[in-house]
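Student: Read top to bottom, the protein sequences are chains A and B.
If you read the first sequence in my numbering, its first letter stands for residue 1, the second for the next number, and so on.
If you read the second sequence in my numbering, its first letter stands for residue 329, the second for the next number, and so on.
Honestly, the hints are just simulated from the structure, not real lab data.
Check each hint, because a few of them may be wrong.
[As the list claims (entries may be wrong)] Label pairs and their calculated CB-CB ranges:
1. B:Arg517 to A:Tyr127: 33 to 39 Å
2. A:Ser297 to B:Ser525: 46 to 52 Å
3. A:Pro162 to B:Ser525: 55 to 61 Å
4. B:Leu336 to A:Ala250: 48 to 54 Å
5. A:Ala97 to B:Arg538: 55 to 61 Å
6. B:Ser358 to A:Leu215: 53 to 59 Å
7. A:Ala97 to B:Arg517: 46 to 52 Å
8. A:Ser297 to B:Leu504: 30 to 36 Å
9. A:Ala212 to B:Arg538: 31 to 37 Å
10. B:Lys330 to A:Val312: 51 to 57 Å
11. A:Ala316 to B:Val368: 46 to 52 Å
12. B:Lys330 to A:Arg201: 50 to 56 Å
Glycine included, every Cβ here is placed at the ideal spot set by N, Cα and C.
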Amino acid sequence: MSETTIGGIAGRMPKFIRRADPAVLTAFACIVLLLFVGSLYSRSFLSPEYLLQQLKVASFLGVIATGMMLVILLGQIDLSVPWSVAAGAMMACAAAAYGPVGVALAIPFGIFCGVVIGVVNGIGVAYLRIPSMIITLATNAVAQGLMVVYTGGFSPQDSATPAMRYLATGFAIPGVPNAVIIWALIGAAMVFVLTRTGFGRTVYGIGNRERAAYLSGIDTRRVVLIAFAASGGLSAFGGVLLAGYASKAAQSMGDAYLLPSIAAVVLGGTSILGGRGSYLGTVAGVILITLLQSILSVMQMPEAGRQIIYGVVIVAMLLLYGRAPASR
Amino acid sequence: MKDWRYWLAEQRGTLLAFGIFIVMFIIYTSNHPAGFTANVVQTASNKGVLLAFVAMAQTLVVITAGIDLSVGMIFTLTNCLASWLVIGTGIETAFGVVAVLGTGLLCGAINGAIVIYGRLQPIVTTIATGAVYFGIALLLRPFPGGSVNEDLADALTGRLFGVVPASLVVLLAVVLVVWVPFSRSVLGRAAYAAGSSEMAAYMSGVPIRRGKFTAYALAGLLAAIGGLFLTFFTYTGEAAYASGNAYTLFSIAAVVLGGVSLFGGKGSAIGAIFGALAFRTIGDLLFVFDFDPLWQPLFQGVILLIAVSLGAFALFRVRNRLEWFL
Chain A
1 MSETTIGGIA GRMPKFIRRA DPAVLTAFAC IVLLLFVGSL YSRSFLSPEY
51 LLQQLKVASF LGVIATGMML VILLGQIDLS VPWSVAAGAM MACAAAAYGP
101 VGVALAIPFG IFCGVVIGVV NGIGVAYLRI PSMIITLATN AVAQGLMVVY
151 TGGFSPQDSA TPAMRYLATG FAIPGVPNAV IIWALIGAAM VFVLTRTGFG
201 RTVYGIGNRE RAAYLSGIDT RRVVLIAFAA SGGLSAFGGV LLAGYASKAA
251 QSMGDAYLLP SIAAVVLGGT SILGGRGSYL GTVAGVILIT LLQSILSVMQ
301 MPEAGRQIIY GVVIVAMLLL YGRAPASR
Chain B
329 MKDWRYWLAE QRGTLLAFGI FIVMFIIYTS NHPAGFTANV VQTASNKGVL
379 LAFVAMAQTL VVITAGIDLS VGMIFTLTNC LASWLVIGTG IETAFGVVAV
429 LGTGLLCGAI NGAIVIYGRL QPIVTTIATG AVYFGIALLL RPFPGGSVNE
479 DLADALTGRL FGVVPASLVV LLAVVLVVWV PFSRSVLGRA AYAAGSSEMA
529 AYMSGVPIRR GKFTAYALAG LLAAIGGLFL TFFTYTGEAA YASGNAYTLF
579 SIAAVVLGGV SLFGGKGSAI GAIFGALAFR TIGDLLFVFD FDPLWQPLFQ
629 GVILLIAVSL GAFALFRVRN RLEWFL
């Protein structure tokens with residue numbers, strides 16, 4: 001549609017705008033709009049400190065949404081995010097109770113737990129061919145059960161280690177929060193993997209048509225398994241950072257991240273059917289969601305109103321971009 | 329002979345769920361301190377019926393090869409609404425019941441309209457609408473509370489003639505009034521056909537859109553009946569996020585245990601009812617065997633994981649590896 005309908009205006013625009021996805025442009029336009037609306041509410045909304053603070057909060061969602069995007073590009077979905085986040089945070093904090101070695105290994109151990117959940121999802125989806133929404137819901141329930149048993153039975157340590165706090169709240173470069181740097185590094189790695197490696201091309205290929213990818217000689221099952229493992233690991237890492245930010249882990253800390261992470265990916269123009277989408281869009285989606293949350297809390301919108309607005313915004317954006325082709 | 333075998337093959341999932349339920353229920357009652365008494369049966373059926381209604385709702389959508397992750401939230405929303413409306417004189421109560429059921433039907437219809445006419449993916453759509461329904465529930469009941477017409481509540485959760493649990497009678501009535509006519513109508517067959525092969529159904533001129541839309545709308549209605557019953561049992565309304573999510577999750581487990589294919593086109597709500605009753609009984613087994621209640625979420629999660637993995641055995645029958653990707 002882009003060539004014919006917007007040809008007249010687009011012809012005069014720089015090349016990078018002409019090539020951009022309309023969904024990504026819309027997302028960035030919405031960000032500008034939100035900033036404008038926010039600045040009407042409060043002067044400090046456009047101050048560098050406030051914006052940097054928003055970027056820091058966004059980076060937790062950004063890390064989690066990176067994993068979600070990888071899975072959605074395959075045409076699957078990962079609904080085990082809530083308890084992958086919680087398990088990563090809780091296990092990292094719990095590991096810190098086992099002496100200096102435990103403290104040193106806390107962060108890798110938290111991520112490892114997320115990877116395990118992801119591998120179970122991946123085996124279910126890739127090798128047992130269970131629909132991803134079902135198996136990930138089931139592993140989410142099992143992870144929740146394990147965490148309830150673990151915390152109820154042993155009441156483990158739940159405070160974050162200094163290293164986790166430093167990663168989430170410290171400043172390695174003056175003025176730039178570490179969490180933002182981490183998100184930038186993970187984002188850069190993701191862009192590299194998606195655009196410059198065979199694995200990335202395969203992910204897009206599987207998202208378009210797994211059958212065709214398989215017939216081209218790709219071990220599609222291995223790729224799906226790795227993608228789910230990465231998603232679990234990134235969710236858990238997001239949980240580790242969140243635990244560092246709040247300086248403790250809690251059971252329901254991941255619940256607030258499932259819908260926003262899906263929303264961020266989808267609002268950024270990644271097709272929910274898989275095979276189409278750019279990481280730039282996900283970045284825009286993450287910032288958009290974070291700003292929306294921030295403005296709603298500045299307006300003192302109660303939780304109920306936030307839930308309603310989320311749901312309506314997601315459905316509205318999907319109706320604009322995410323529709324399947326008509327069956328005729 | 330031939331007819332009989334056809335019938336058996338068609339009902340295999342339902343009969344298996346019935347068998348699992350009977351075995352589990354015998355283990356449950358024989359280990360229960362009170363034994364097989366009318367009281368034990370009444371309590372068990374009251375708990376089981378809640379999940380049975382939500383599982384029936386899930387079945388209708390799963391048959392069309394979709395999934396409804398908002399059933400638990402419709403259940404929660406109607407619970408909160410019923411705690412405001414289903415009270416007062418006979419007329420007011422009747423009006424309240426109709427309003428609650430109408431709300432459920434509307435929620436389901438919204439899901440259906442977005443999925444079918446908006447052509448969106450059922451998963452993401454119902455997660456998003458589920459958030460909206462939960463938000464409305466939270467607006468209605470920021471704190472647990474409210475009340476319900478207790479005469480009606482006691483009548484529907486008590487026993488008929490001192491033996492038969494009234495909730496089971498209502499469940500049977502709902503099956504006869506909602507499920508049987510639907511599954512035998514043109515729209516019901518269209519829902520099955522759409523789940524089995526949407527393309528083939530479309531080419532054959534089956535009204536797939538109307539069939540699927542009816543399935544989604546009736547799913548909302550059934551979830552609302554469940555929400556109404558929850559209000560009758562608890563006498564209050566509560567917008568609990570965890571409980572709504574748990575009902576969604578358990579409804580999927582019940583549907584799978586009940587022999588309904590998650591790929592659509594196969595299974596029946598009767599099977600899902602027995603699946604729901606079996607799932608509830610398995611969960612309650614922990615109590616009669618004196619396990620720590622802390623283990624219950626893990627136990628139910630593992631049952632769910634095993635139940636959904638069972639469907640994977642179909643893989644061993646695949647002769648052509650390309651069928652993996654269907």
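Student: Please name the hints from earlier in the document that this structure breaks, with their numbers sorted from lowest to highest.
Tutor: Per hint list: 7, 8 violated.
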